[in-house]
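Novice: Build out the structure end to end from the sequences listed, making use of the hints.
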Amino acid sequence: MMFPDPFGPISREEMRQWQLERLQTTLNRAYFQVDFYRKRMDALGLLPEDVAALEDLRTLPFTARRDLADHYPYGLFAVPLRSIVRLHTSTSTFQGKENPIVLGFTRHDVEMWRSLAVRLFEQVEVTDRDIVQVAFNYSLFPGAFTFNQAVEALGATLAPAATNSATIQLQVLQDFRCTVLATTAAFALHIADTMERTGTESSRLRLRLLLVGPEPLPDPARARIESVLGVPVYGLYGVTEMVEPGLAGECTARDGLHLAEDQFLAEVVHPVTGEPLPAGSEGELVLTTLTAEGYPLIRYRTGDVTVLREVPCPCGRKTARLSPVLRRTDNRVSVRGIPFYPEDIELLLRRFDSGLEDFRLVISTVYGIGDQIEVLLTRTPAQDLPGGGRSQYLDLLRSQLRRALGLGVRVQMVEPDQLPREGLGYRTVFRSLTPVPDSPLPSPP
Amino acid sequence: MLRVAGLSARYGSIPVLRKVSFHVEAGEIVALVGSNGAGKSTLLRTLSGLHPLTDGTILFRGRPIQSLSPATIVRLGLVQVPEARQLFPNLTVLENLELGGYIHGRKHVARCLEGMFSLFPVLSRRKRQKAGTLSGGEQQMLSIARALMAKPALLLLDEPSLGLAPLVIDEIYGAVLALSAQGVTILLVEQNAMGALGIARRAYVLENGRIVLAGDSEELMGHDDVRRAYLGRDYRHKWER
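Which chain is which? The protein sequence lines are A and B, in order. Numbered by this note's numbering, the letters in the first sequence go through residues 31 to 475 in order. Numbered by this note's numbering, the letters in the second sequence go through residues 3 to 243 in order.
Derived by calculation from the structure, the hints in this document are not laboratory data. Keep in mind that the hints are not guaranteed to be accurate.
Said to hold, decoys possible - Here are the simulated DMTMM-like pairs of lysine to aspartate or glutamate, each with C-alpha atoms no more than 25 Å apart in a straight line:
| hint | chain 1 | residue 1 | chain 2 | residue 2 |
| --- | --- | --- | --- | --- |
| 1 | B | K153 | B | E85 |
| 2 | B | K132 | B | E100 |
| 3 | B | K153 | B | E116 |
| 4 | B | K132 | B | E85 |
| 5 | B | K153 | B | D172 |
| 6 | A | K348 | B | E30 |
| 7 | A | K69 | B | E209 |
| 8 | A | K348 | B | D218 |
| 9 | A | K348 | B | E27 |
| 10 | A | K348 | A | E43 |
| 11 | B | K129 | B | E85 |
| 12 | A | K348 | A | D100 |
As the list claims (entries may be wrong) - Only some residues are given here: those of chain B computed to face chain A with a beta carbon under 10 Å:
| hint | residue |
| --- | --- |
| 13 | S15 |
| 14 | P17 |
| 15 | K21 |
| 16 | D57 |
| 17 | I213 |
| 18 | L215 |
| 19 | A216 |
| 20 | G224 |
| 21 | D226 |
No residue lacks a Cβ here, since even glycine has one placed at the ideal position from N, Cα and C.
Specialist: Set out below in structure tokens:
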């Protein structure tokens, strides 16, 4: 898809023509090659050609996360398996109530995602002169591999640092003279803390900028990272179920995230009624893939509440921009960049211990980012403790949770009256641990 | 140059084109490939005003042309080279060319002939010969040259390689590239997918009246679906779940 450059000077009207053309191929292929989409459209008496304009897409039903899990593993693939060159599992770490979601990418898809990751870097003016340190946990966020490929495709220098400790990352940052750091907001905060603790001056680094995501970047976190590292921090947006980053990212104007409209059609709908909302209103982001071959998604409800604006950006790009994600429509929370559902934790707890009565997740946030998680639970004394004694019980549960989440979790057994009653999400309480003098109380993620 | 959105057409009650959307930028060669009966020729005939559309819009240089007569559409610069040449077999090469340019007047015809003969030297040698006596390749060249006499901004080519030997096809495609270099925008409709993808920058794949693939030619050439459909490698039965 080299021509024309969708981020070049093409008008909104031209963009809409491109989108319409690509939407027709997506619908035609999805209808004829994916039973799921075909059955749903047949049930409504719809054919792909009933969508002759972008607005007509509204007649099609939404696709939910549940639909993706229900068709485990290959049920939503639109090409034979031999055309697939890469499989991805999203939510692989958690064996909750649902099957994992398995995505398949063709050669085209891999190339498409890579070009979008290149675009994320180019938007913040990363060039072949840069040394880019990529620090993600690849097993929790396999999409990070695409950053590596994109750095190489740009001709920049890749310094993959994966999940080394902050101290080692900092050493790499310093000794390799890295100019760009791509990581999660949580880890960037951790690096900032480490710098303060070890007294590392930002002037000893050659760092020019940070690219942070795909979990949202709260303003307090951005302010904190920028004040310690002394360089701008840019956010990006990804949908967990799509694994890859590259859907949207900030440019140097830092006034919203440019959406890759040449590859995705975005709608904003009312989270409850599903009714389309006009541009500029706050609502749930719904995405339709426009060129994805292996795994087309039609009207996928992301669960992310955002604002979509179509006004031109000072940087000159005419693509629509997303606001940073304001909140979720569901109960999903995120700790250290790892998203999970409290409902899944509940399922794990209840499977482990049939005597469980109630529980709370206490999530400590720092600068608006989930940092630690503690489980407080109450159980009926009538039932025997699985594992034997109290400490074995807690140890077992801790290790199960750690395996499931990829995070260390504190677990405490308490009396019913000790469970926090205030709460925002589903059995979830947020507690801010942000150092007071630095910033006002952040809002929970 | 050309922007088509939601175009539908039918033969009687049978839908042939189902809400087809595509576009051609100025200066591009765009290929539209598809097998027999996919709706390719109907699409071109609809663009030229020879077949009625039931729905959709056709913008040519920003102007809707879906309700204009074929003659007006040609005058605007959208000119079709029909499938199977459709020359006047009993007229000479020269006469065929003159007819192609007649809407622009005698002076225009005289001015243009030279260019045609330099693009297709063989026509110059055959100019007094009856069109019906030319070889298939020569007829195709004449057919293209005749269309060029009408000063097209956008040239629609319907299966120019049909029934021609590979070497002759190369020659025709060479001429198409030369025309493109001279600034003529080209929409090339072909069953010969690999040939068309070889000279086009972008392409659309039409199947049963629907566009099922769109992209850069290079990318489509290696695309499994295109290979499956046009190289006879059908392994759809190996669908694994």
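Novice: For the pair supplied as a hint, K348 of chain A and D100 of chain A, confirm whether the alpha-carbon distance does not exceed 25 Å.
Specialist: 37 Å, violated
Novice: Given a cut of 10 Å on the nearest C-beta pair, is the interface hint for G224 of chain B held or broken against chain A?
Specialist: This hint holds: G224 of chain B lies near chain A, its Cβ roughly 7 Å from the closest one there, short of 10 Å.
Novice: Taken at face value, is the distance from the CA of E100 of chain B to the CA of K132 of chain B at most 25 Å?
Specialist: At roughly 14 Å apart (the allowed maximum being 25 Å), E100 of chain B and K132 of chain B satisfy the hint.
Novice: With a cut-off of 10 Å, does the beta carbon of D57 of chain B approach a beta carbon of chain A closely enough for the hint to hold?
Specialist: Holds. Min distance 7 Å.
Novice: Min Cβ distance, P17 of chain B to chain A: is it shorter than 10 Å?
Specialist: 8 Å, holds
Novice: Using 10 Å as the Cβ threshold, decide whether S15 of chain B counts as touching chain A.
Specialist: 15 Å, violated
Novice: Do the numbers back the hint for D226 of chain B, that is, is its least Cβ distance to chain A under 10 Å?
Specialist: Interface hint status for D226 of chain B: holds (4 Å vs cutoff 10 Å).
Novice: Between the alpha carbons of K153 of chain B and E116 of chain B, is the straight-line distance 25 Å or under?
Specialist: Roughly 14 Å between the alpha carbons, so the hint for K153 of chain B and E116 of chain B holds.
Novice: Does K348 of chain A pair with D218 of chain B here, judged by a C-alpha cut-off of 25 Å?
Specialist: Holds. K348 of chain A to D218 of chain B sits at ~23 Å (cutoff 25 Å).
Novice: Holds or violated: K348 of chain A with E30 of chain B, Cα cutoff 25 Å?
Specialist: Status holds; Cα separation ~23 Å.
Novice: Given the hinted pair K69 of chain A and E209 of chain B, is their Cα-Cα distance within 25 Å?
Specialist: 21 Å, holds
Novice: Do the alpha carbons of K348 of chain A and E43 of chain A lie within 25 Å of each other, as the hint requires?
Specialist: 11 Å, holds
In this structure, the earlier hints numbered 12, 13 are contradicted, and the remaining ones agree with it.
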